[in-house]
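Modelling step: build the complete structure from the supplied sequences, incorporating the hints.
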Amino acid sequence: MKRSMLATAIVGVAVLWQIGCTTVVVRQDPGPEVLLPAEFIESVDADTIRVMCQGRGPDQPSAVYQARKSCVDWVINNRLAQTPSEKQAYLANQTQVFAQLDKYIGIPGPSAASGSGRGIKSRSRISEYEIQVKIVEQVQEKTLREDLIEMGVLASKDSMLEAVGMPTIMVHPSKANRGSKDRKIMEDLVNSYLTKARWEVLD
Numbered sequence: 032m033k034r035s036m037l038a039t040a041i042v043g044v045a046v047l048w049q050i051g052c053t054t055v056v057v058r059q060d061p062g063p064e065v066l067l068p069a070e071f072i073e074s075v076d077a078d079t080i081r082v083m084c085q086g087r088g089p090d091q092p093s094a095v096y097q098a099r100k101s102c103v104d105w106v107i108n109n110r111l112a113q114t115p116s117e118k119q120a121y122l123a124n125q126t127q128v129f130a131q132l133d134k135y136i137g138i139p140g141p142s143a144a145s146g147s148g149r150g151i152k153s154r155s156r157i158s159e160y161e162i163q164v165k166i167v168e169q170v171q172e173k174t175l176r177e178d179l180i181e182m183g184v185l186a187s188k189d190s191m192l193e194a195v196g197m198p199t200i201m202v203h204p205s206k207a208n209r210g211s212k213d214r215k216i217m218e219d220l221v222n223s224y225l226t227k228a229r230w231e232v233l234d
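Residue 176 in my numbering is what sits at position 145 of the sequence shown, and the numbering runs on without skipping anything.
Take the hints with a grain of salt, since some may be wrong.
Derived Cβ-Cβ restraints for the label pairs, each shown as a range [stated by the list, open to error]:
# : residue 1 : residue 2 : range
1 : Leu-132   : Leu-233   : 33 to 41 Å
2 : Thr-126   : Glu-231   : 34 to 42 Å
3 : Gly-146   : Asp-90    : 17 to 25 Å
4 : Leu-220   : Ile-157   : 37 to 45 Å
5 : Ser-205   : Ser-116   : 13 to 21 Å
6 : Gly-183   : Pro-141   : 24 to 32 Å
7 : Lys-212   : Pro-115   : 42 to 50 Å
Read the hints as simulated data drawn from the structure, not as lab findings. Heads up, the beta-carbon is just placed ideally off N, CA and C, and yes, glycines get one too.
Next up, the structure:
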């Protein structure tokens with residue numbers, strides 16, 4: 032009986048000692064990603080823009096992936112999110128946005144020999160373990176905006192217009208274009224762009 036009690040006590044002490052010596056690892060949320068800056072290149076059409084961005088990683092695919100995230104992050108912070116609360120809401124939903132990255136931005140291939148257009152523009156090793164790339168790629172701005180509205184990150188256009196009123200834009204050709212044979216073509220292009228962006232166009 033005494034031996035049985037002694038054995039039980041020894042086992043109990045061993046278990047308590049093991050629990051006391053166990054290291055508890057607490058995983059901390061790293062928070063929003065810190066991404067490299069990007070730069071606007073041009074509007075492709077009313078729905079799509081072209082952006083130059085940079086990324087770092089242990090290899091080229093990882094660096095390109097980070098650069099693509101940088102493009103999308105730049106578009107949200109500099110073109111879509113208009114208020115501090117919208118920017119904060121984006122940071123809270125950043126993981127969800129990046130989980131759909133392929134929906135918003137393409138994967139760049141090799142750059143053209145001329146250096147223009149989309150593609151990987153440069154690749155450089157910045158340390159023994161890391162490389163940096165610069166890419167130019169197209170971002171589907173309209174799709175991104177619609178998804179951010181659906182996530183509750185951005186206010187819908189109707190909500191904004193209700194709050195600030197309906198804005199009006201007047202496009203007026205310069206005097207230098209009077210009588211120009213290309214004037215009608217230019218007017219049609221501007222009207223097409225505004226119509227595609229869902230503006231009401233009046234002649």
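Okay, the hints, checked on the actual structure:
no.: 1; hint: Leu-132 / Leu-233: 33 to 41 Å; in the structure: 39 Å, holds
no.: 2; hint: Thr-126 / Glu-231: 34 to 42 Å; in the structure: 38 Å, holds
no.: 3; hint: Gly-146 / Asp-90: 17 to 25 Å; in the structure: 24 Å, holds
no.: 4; hint: Leu-220 / Ile-157: 37 to 45 Å; in the structure: 43 Å, holds
no.: 5; hint: Ser-205 / Ser-116: 13 to 21 Å; in the structure: 40 Å, violated
no.: 6; hint: Gly-183 / Pro-141: 24 to 32 Å; in the structure: 39 Å, violated
no.: 7; hint: Lys-212 / Pro-115: 42 to 50 Å; in the structure: 49 Å, holds
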